[in-house]
Amino acid sequence: MAAAAVISLALAAVSATTCAAQTPQATPPVSEKHKQAIATFEGRVKEYVKLREGLEEKMPKLAEDSKPEQIEAHKVTFQNTVRTARAGAKQGDIFTPDIIEYIQLTIRDEFKGQERQELREKVIVDAENKAVPVRVNYPYPESQELIDMPPTLLLRLPQLPKQVKYRFVGKNLLLVDRENGLIIDYMLNAVP
Amino acid sequence: MKRFLASIVTAAVLLFGGLAQETLGQSSSSKNHIGGTPAGAPVRVSLPMKDGSLKFAAIGDTGTGTEKQKELADVMYRYKQAFPYEFVLMMGDNMYGAEKAEDFRVKFEDMYKRLLDDKVMFYASLGNHDESNQRFYEKFNMNGEEYYRLKKGDVAFYALNSNYMDRRQLKWLEDELAKDTSKWKIAFFHHPPYSSGGKHGSDTKLREVVEPIFLKYGINAVFAGHEHFYERIKPQKGIYYFISGAGGKLRSGDVKDNSPLTEKAYDKDMSFMILEIAGDEMHFQVISRTGETVDSGVIVNQRKKAMSASK
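Protein sequences appear in the order of chains Z and U. For the first sequence, counting from 1, position 174 maps to 174 in this note's numbering; every step adds exactly one. For the second sequence, counting from 1, position 158 maps to 158 in this note's numbering; every step adds exactly one.
Here are the simulated DSSO-like pairs of lysine-lysine, each with C-alpha atoms no more than 30 angstroms apart in a straight line:
1) U:80 / Z:67
2) U:113 / U:68
3) Z:46 / U:171
4) Z:122 / U:68
5) U:100 / Z:162
6) Z:67 / U:55
7) Z:162 / U:216
8) U:199 / Z:112
9) Z:61 / U:100
10) Z:58 / U:139
11) U:100 / Z:50
12) U:216 / Z:112
13) U:100 / Z:67
14) U:139 / Z:67
15) U:234 / Z:122
16) Z:35 / U:171
17) Z:58 / U:100
18) Z:162 / U:139
19) Z:130 / U:256
20) Z:130 / U:199
Short derived list, chain U residues pointing at chain Z, Cβ under 8 angstroms:
21) 101
22) 129
23) 137
24) 168
25) 191
26) 208
Here are a few chain U residues that face chain Z, going by a calculated C-beta distance under 10 angstroms:
27) 98
28) 99
29) 127
30) 136
31) 138
32) 139
33) 141
34) 143
What the hints contain is simulated information worked out from the structure, not anything from laboratory work. Note that the Cβ used here is the ideal one computed from N, Cα and C, for glycine as well.
Model the full assembly from the supplied sequences, consistent with the hints where possible.
Shown next, in the form of structure tokens:
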């Protein structure tokens, strides 16, 4: 009888451990404060996209079977046009303190322990893009590699329109225009 | 005089013998075509060469514009004479460094000129050294999209952008796969979900989001680059994974010894793949820059396998 009880307890312990291991890590709920920060951030990004779409519409359309000269010319013209239109843009116009706090918490929660160490190695230690000058309204150099954004993180960060992408440079998180390559804004110390 | 005539005869035998070998290499009905490569090793196609089969090549991490990339491209061309593949999949890092107009010529068009002149199509995916604007380049055939689907007969190819696997792309992939009834579904992109590389290794975060979709919708095979070597991964949950990332760069000795993932690996020289899909079989051959075959084999379509097993 006692032996059966011990076996039952042991089986229960194993079962509990197994269930814990199989349960996926739950994403913490987003507070009302952060929901508001996300909504405001997404609104500012959409304003940028509206501006750049309006400017791009006035340019000759880039065809899907373009020659390299056409791609290069389009990019340079687009860069100059948007840079001029956003002449007063500065760091913090889009990454305001409230969204910075949310993003830092999200990255901290997404990457813990060994995974955080691996992320730091990837974006800081091993990254080949250390020479990228991080400056609003200037282009991310085309000759520099991109650090791929961790997909699980992309699922948790505020969603961006297709024209804008997140990008890591060191510990900093940038918003970069997909076509003209301009750095739209950036936040420091995104990676803990 | 006799010696002179003997020399002429010998030279004629060698000349016409060589021509006969080249002609044999162009036959569409036999295996093991013999030809010659600049590097010395003969062209030996070990694929079945069936009429009506889908023939293609796969390369990754090409865009260096170096002499070695050109040498590999030349081997690709020679193999194309014996095995007339229609198109080439590119697994990203199509251009390293600058991407000015001249760079497209130096790092791509000049390298593969003979293939391009032969109307071989290149279908590119984006790597971590590639600008998004490559999707507009006429010769990469991306239709202006960072990710796209390509259909060749009963084979669907999914070119993905593994630099930025966001919710939008995942939804697109699921929506497309959900309605895809192709016999073969193949994904190609840059970062390998499984890898024995010392420099990079498996992209586990990418795997976490794409593997469930691949399994759910029956992806048969995945081709990736990023690692500068060749590796055939042991089937993972029934899916075949290949890394072919030595099309323009090589990281010699980077494959970890005794990796539990490796079925076969080659990291001694640059390489490319040629493949043939005929019915329920996908045959592959991996050829090095010096023309050596470093891997070959056949994959049976998993659905065919499952049906056979249930009988």
